[in-house]
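S.K.: Sequence:
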Amino acid sequence: GSADAIEDGIRSSLGLIANGSAFNSNAPTLAPLSAGFDPLSATPAADGGGSATVPALVGATFLMSMIPVGSLANGGQLAALSLGADTLTKAAGSFTGGGYEAPQPNPEITETKLLDRDVQEDHKGPGRLEHWTVSSAKMQREVVLEVFLPSEDKGPAPVLYLLEGVDTVLPTPFRTRTNVAQRVEDENIIAVAPSGAPGSNWAEWIKDDPRLGRNKWDTFITEEFPSIIGAQDNIELNGKSGVLGLSMGAGSALRLAANHPGHFAAAGGVSGCYNATDDLGYETIRLNVETRGGNLDNMWGPRGSELWQQNHLPAHADKLAGTHVFMSAATGALGAEDIKKYGTEPGVLFSGYILEAGARECTNQMSRALDRAGVKNDTFFMPTGIHNWTAFGPGMNAAFDSMIPVLK
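Positions 4 to 411 (my numbering) are the ones given, in order, by the sequence shown.
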């Protein structure tokens, strides 16, 4: 048919997966996907899209419209069959490789203390960047953190914890892909990004994992590291802290705040999922853990256990009362910038489309739960963008704009 009819068909197929698919008529719907943008417009092949990419994605989109949005595992399997075995790993949000084994507990580590502060002389941005090596008594291991500091003492400052996506390696994407260093310098805050927590969901695991080690990140972020930074003579704190997560870290950030009411003045999530007990939330968490070789039962026990229920945030939105909550998400619909940046990587486009559609639905569900609980929440929704930096970048900027004033 006409170009308009073809475009309408593309919009419809994108909308099906975003709204829960044709087989999930009870799924809450997202914002309309036809409001003033071109998810798969006629982007010139010269911009990096490649002549075969758009037709391939149209076909993939149609196939995905037949799969419920909650069935991320099935979607990942289909992607792996059609695009290669490494697609499932990419779908989990990896931008650095296939994961790695986290350190196993060392019984000789029995004390939480600062072992080293290493100034990163190669840091070309504003402010000061240091690597802090901290021993954790709870995890019996060493943790390396990126600590962003103003270039000079500007008075008491808040601490903003930044929780990365699935791989958590150094340098973190907060250093390489965001303007957090500039924000630290301009607005007198301290930003802290821990590393070395692959596939952990930054959670408090009930058992050690053969591949992912001992994960007690709840304790580390709310108790162990605050005691370290609070004891530094050359750092003056204002008593406020916030936590902001990206992808895997998004749900973790809001869970930390909900599990410790009043501890964080602000909590934010960029392109994340806040569910745990429904299919959408469970499969998202499973994807994070299992693509990095972890055993999901070691985290919160079998599916449906009390811990899983406690960490299903829409059912406990009231615990975030008094916390400034921010969330952002795109739709998974492809925009010109997605094609330009990732047009030669159809696996990234396809998996990014699946995951961001899920993140948008999770964000909508969490926002509605907060509204019902009377908890004010600040949301930033983008009409296009896959689960990658076309959505993460604007989301992080909006998060900084929303959260930093509350912390100061």
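Hints in this document: simulated from the structure, not taken from any laboratory. Glycine included, every Cβ here is placed at the ideal spot set by N, Cα and C. Careful, some of the hints might be misleading.
As the list claims (entries may be wrong) - With beta-carbon atoms standing in for the labels, derived distance ranges:
#1 182 - 210: 35 to 41 Å
#2 106 - 376: 34 to 40 Å
#3 128 - 239: 33 to 39 Å
#4 124 - 222: 30 to 36 Å
#5 237 - 318: 40 to 46 Å
#6 324 - 281: 30 to 36 Å
#7 106 - 241: 17 to 23 Å
#8 213 - 239: 41 to 47 Å
#9 324 - 300: 28 to 34 Å
#10 400 - 222: 15 to 21 Å
#11 125 - 307: 43 to 49 Å
#12 400 - 376: 25 to 31 Å
Claimed, not checked - No farther apart than 25 Å at their CA atoms in a straight line, the calculated lysine to aspartate or glutamate pairs in the DMTMM-like style are these:
#13 210 - 125
#14 210 - 188
#15 157 - 111
#16 210 - 190
#17 141 - 124
#18 243 - 124
#19 322 - 309
#20 411 - 282
#21 219 - 114
#22 243 - 293
#23 210 - 155
#24 157 - 239
#25 116 - 293
#26 322 - 190
#27 157 - 309
#28 116 - 281
#29 141 - 190
#30 210 - 281
#31 322 - 188
#32 157 - 119
#33 127 - 104
#34 210 - 156
#35 219 - 133
#36 210 - 114
#37 243 - 221
#38 157 - 114
#39 116 - 156
#40 379 - 404
S.K.: Of all the hints given earlier, name the ones this structure violates by number, lowest first.
M.R.: 3, 6, 7, 10, 13, 14, 15, 16, 17, 18, 20, 22, 23, 25, 26, 27, 28, 29, 31, 33, 34, 38
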